[in-house]
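A.B. asks: So the sequence lines, in the order shown, correspond to chains A and B.
Residue numbers are given in the numbering used here: position 109 of the first sequence equals residue 109, and the series is strictly consecutive.
Residue numbers are given in the numbering used here: position 111 of the second sequence equals residue 111, and the series is strictly consecutive.
Derived from the structure by calculation, the hints contain no laboratory data.
Treat the hints with care, since some could be wrong.
Residues from chain A that face chain B, not an exhaustive set, calculated with beta carbons under 7 Å [what the hints assert, rightly or not]:
1. Leu18
2. Leu22
3. Gly39
Quick caveat: nothing in here was measured; it's all calculated off a predicted structure.
Quick reminder that beta carbons are idealized off the backbone N, C-alpha and C, glycines included.
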Amino acid sequence: MTQFTPLLSLAGGALIGLSAVLLMALHGRIAGMTGILSGLVPPFSTDWTWRAAFVAGAIAAPAAIVGLGGAVPFDSPAPASWLVLGGLVVGVGVYFGSGCTSGHGVCGLARLSPRSAVATAVFMASTAATVFVVRHMLGGL
Amino acid sequence: MARILSALAVGLIFGAGIALSGMADPAKVLNFFDLAGTWDPSLAFVMGGALAITAIGYRFVLARPAPLFDAAFHLPTGRRIALPLIAGSAAFGVGWGITGFCPGGAIPALGLGRGEAFLFVGAMLAGIALSRTVRQALASRAAARTA
Chain A
1 MTQFTPLLSL AGGALIGLSA VLLMALHGRI AGMTGILSGL VPPFSTDWTW
51 RAAFVAGAIA APAAIVGLGG AVPFDSPAPA SWLVLGGLVV GVGVYFGSGC
101 TSGHGVCGLA RLSPRSAVAT AVFMASTAAT VFVVRHMLGG L
Chain B
1 MARILSALAV GLIFGAGIAL SGMADPAKVL NFFDLAGTWD PSLAFVMGGA
51 LAITAIGYRF VLARPAPLFD AAFHLPTGRR IALPLIAGSA AFGVGWGITG
101 FCPGGAIPAL GLGRGEAFLF VGAMLAGIAL SRTVRQALAS RAAARTA
């Protein structure tokens with residue numbers, strides 16, 4: 001069980017939205033983690049510096065929250081071999097799918113992009129189906 | 001320098017949002033999708049909050065001629081809804097459902113210093129690198145055929 005956190009989640013979501021608006025206003029870029037990371041996988045894109053800075057900030061924030069005495073819940077139930085397999089599948093999937101939850105699910109839907117609407121519907125359904133199979137048909141990993 | 005620092009600041013806001021919202025916690029993400037089990041609807045509030053702010057903010061921002069630190073907005077130009085988009089998104093969902101990590105959740109999770117996040121992100125980056133190599137090989141083969 002995890003605790004239902006509607007207010008904290010809404011506030012966190014608003015911050016994610018704020019970052020998406022600011023990245024567009026300042027850099028003219030979609031705040032999609034897949035697209036940002038794609039320029040940081042060798043060979044680096046020529047504009048890798050802002051990408052690296054964004055990623056560094058994204059990594060530093062939870063560390064800072066913990067450092068300031070806050071709590072960031074984290075529990076990863078999948079075994080190591082499944083994390084590697086799942087990571088590979090996610091990497092291939094978001095590359096060919098041209099985006100993930102942040103790019104399609106937030107920025108794309110906010111722009112009313114039909115491609116993002118299709119992509120989001122497909123990956124949300126696929127994730128729910130996978131969780132059902134893993135938890136209720138296989139009894140966990 | 002202002003360009004880099006502003007990207008760092010925006011990244012901090014993104015990472016703080018992910019951390020507070022619960023998106024960096026694979027168990028919480030998996031529970032959101034587990035409608036038949038230990039359902040935790042929190043992440044609907046994350047998506048709702050993020051989408052509302054972005055939809056409103058984009059209206060004002062994209063009405064301007066250009067962003068502050070660039071000559072033009074870089075908006076996706078693809079319009080085709082084809083097999084790679086659908087199959088890729090379906091595959092992403094399988095990996096997300098197995099692990100509870102999506103790219104935007106996993107990168108901030110690295111800041112918590114947990115091995116699981118590093119393992120996932122390493123494999124994910126390898127998947128992206130592999131995919132790019134495959135796509136470039138396919139493109140150069142297609143180019144050689146038409147030449």
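A.B. asks: All hints are to be evaluated individually against the structure, with a verdict given for each.
C.D. replies: Going down the list of hints, with the structure as the test:
1. Leu18: Since chain B brings a Cβ to about 6 Å from A/Leu18, closer than 7 Å, the hint holds.
2. Leu22: At about 5 Å, which falls below the 7 Å cut-off, the nearest Cβ of chain B leaves the hint on A/Leu22 intact, so it holds.
3. Gly39: Hint on A/Gly39: violated, closest Cβ of chain B at ~10 Å, above 7 Å.
Checked against the numbered hints listed earlier, the structure breaks hint 3 alone; every other hint is satisfied.
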